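**Q** Throw the hints in and build the complete structure from the sequences for me.
Here are the chains, one letter per residue:
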Amino acid sequence: MRRLLLILRREYLAYLLTPGFFIALVTLPLVLGVTAILPSLLSRHTPAPRVAILDLTGIGAEGPGRYLEAKIREGRTRNLPQEQAAVLTPPPPGMSGVKTPQEAGERIQAFYREQDPDANPPIILVLAGGADAVEARLWTPRARLIDLSGSLEDDLSEWSRDRRMTALGLSEADIRQVFEAGIDVETYSPESRTGRVTLTDRLPQLAALGVSYLLVTLILAGSGMILTSVVEEKSSRVIEVLVTSAHPAELLLGKVLGVMCLFLTVLGVLAGVGILAAGQLPAGLIREAAGAIFDNGLLGWATLFLVFGFLLYGSIFAGLAAFCETPREAQSLATPLSLLMLVPLILVVSALQAPDSPVIRAAALFPPFTPFLMLLRIADGAPAWEVATGLALMAVTTAGAIWIGVQAYRTGALTQGPPRLVAILRNALGLRA
Amino acid sequence: MTGVPALELDELTRTFGDRAVVEALSFRVAPGAVFGFLGPNGAGKTTTLRMILGLVAPSSGRMSVLGASDGRRVRDRIGFLPEERGLHPRMTPLQAAAFLGGLKGVAPAVARRKARTMLEQLGLGYAANTQIRRLSKGMAQQAALVCTLIHDPELIILDEPFSGLDPTHQQGLEALIRERSSKGATIVFSTHVMSHAERLCDQVLLLAGGRKVFDGTVQEARSRAPGRLVLEGGLEVTDVRGLPGVIAVNAAGSAANDGDLRLEVELAPGAEAHETLSAAFRGGLAVRRFESRQPGLHEAFLLLTGAGPRLPEVAGA
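Chains as they are written, first to last, in our numbering: chain A, 15 to 447; chain B, 602 to 918.
Please note that a few of the clues may not be correct.
Label-pair distances were calculated between CB atoms; the ranges are [as the list claims (entries may be wrong)]:
1) S346(A) / A776(B): 23 to 29 angstroms
2) R714(B) / T41(A): 52 to 58 angstroms
3) S661(B) / V40(A): 36 to 42 angstroms
4) L27(A) / A776(B): 43 to 49 angstroms
5) S346(A) / A625(B): 38 to 44 angstroms
6) L27(A) / R779(B): 46 to 52 angstroms
7) F380(A) / R714(B): 51 to 57 angstroms
8) R714(B) / T32(A): 24 to 30 angstroms
9) S346(A) / A621(B): 48 to 54 angstroms
FYI, nobody ran anything at the bench for these hints, they're computed from the structure. Fair warning: this is a prediction, and the values are worked out from it, not measured in the lab. Glycine residues also receive a C-beta, built at the ideal position from the N, C-alpha and C atoms.
**A** The structure is reproduced here in structure tokens:
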């Protein structure tokens, strides 16, 4: 135990007392913050789409062209967020005298060819046909620009319905009543604190999802650090001195736990900052979201799964790394295991839709996935027997992984070449060659 | 050899697949002895050391290391220096000594104090707080040696400790080995440089192809090798061949005087050069110059490992 603690301390301090660690600690919340506001920032700085309308229907002031122009001018275009609201622009020159959509199309293509694509050329909506059958073609200079067709389609449909209801003799007030006659469906559940299901009720699930992603990221990053550390010791022959100074189990566990403590420190700092920040937040959804992370024992479970995850994956990574002389060799050996860790990332998305589906329940009991998926099951109110079974299976598997990792580490530390299962088992069982 | 040995190997064998790297190796090392483990590259020296340390399981045979069945059970009483430097590159010598000393049960403050003293003795005091990756190979090797000795081990195992050291550092290491030996530590070191073994060892073991070819003192090893006598003068090869103790006569370059011969006379192991020389004078051989060459451990090594080059033998004239 003395040696294990010494190795743990060395590994922990070797990373902690570096400028890189402090830089990472400060930049991590910044990166998370920037990631959260980046989409909004990006869309705010994206030039608004310019729309020109060429109405060939001949309906005149009551036609769809004028209706859409009014909507766009007043910023009432449906389904578009404020920052992406379209800007009305007159049709490009050379469109006068155009009679058919085909002719318009040819001239628009010629117009686009002359335009600089970076100059934000307008999107052009060509309306044709009669009042009862409007044909609409939307021309866009680049196929990958924001597609406004859905939004314009909704507005045109509204114009069409409005016109038909007027033709049927309905007054403007009647038409407004028709449009406002929608019925909202409210969801209720006995599991909801208020009875009525709101986003607040889904917050624990969403928080568990976020923490699951964080666990995968931390364990993947930590395992990579363990891998690199062992390879460095192997290539610099430090490992030969270490295995004569301590038991391989002490060396391996000290290393894994040292890196784990480092990440627990990071989590502790982030949690501390989070708790302080949550206390300052005004009541509302963000505060409730913070509460969903810091209440309900989620952090306690996350810490437990972080420990198991580190021991499980870290031991295997360390064992594999002991056979490698270079980081490249180690990475290629560890890639299948890294890919395995990505499977839960895919499953957690499904778990959000149906957290109690048989696939998710089974996957949460599969020990390599338990650290990442059981959190979601717990947030969904999984029965105690299920959680206990998952924990027991994970504990047994983790103990097995540590044993295999130690044997592989012991064998790999003093051999050259790729790992051979026979050699590992022979060494583990104390069999003589 | 009497008393309980510090190290005893009994018919120890290690095979990898069908190949025996070490075969039925037996020897004993007395407490406090300096034991040289000699042999050409690939002779099985490192594998034997690893078996002693408990890092590699023997395929068969038994051993006793400080009374235990292998080194793992007494790791706190052993100090091991591998052939490569074996220290974390980003640690300083003081940090490494505190860490490795800690693993062996030495308090960090004590380890640092002892390490500083030892580094100063080795002339490396100024590098005590320099990261090991910034030290030269020889300096890093010295730092590793300090870490090996930090817990005052009873059994010190050094794998090729002199490789990479300049003559000054080699001399320093020899002094350190003598000092530790005088304090009662048992020292086992492997090398293929005979001069160190010759100066330091109470006992040497020669290994070739995984098998023991010699185990004894340096003097005993030397006596296995033929002594040599260089004779120059108006000599007849047949007369020289007839002298007592002579087993071969070889040309040894040109003589100082025209018409004279310069011959290297190979003596039988154990034969005394002065007896051969007396017989030459008694027999009236015209010896104008003579030179006696005592066999060194190097000659013994070459002879015993079967790697010795032969000088061209002079045809009988």
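**Q** In ascending order, which of the hints set out earlier in this document are inconsistent with the structure?
**A** 1, 2, 3, 4, 6, 9
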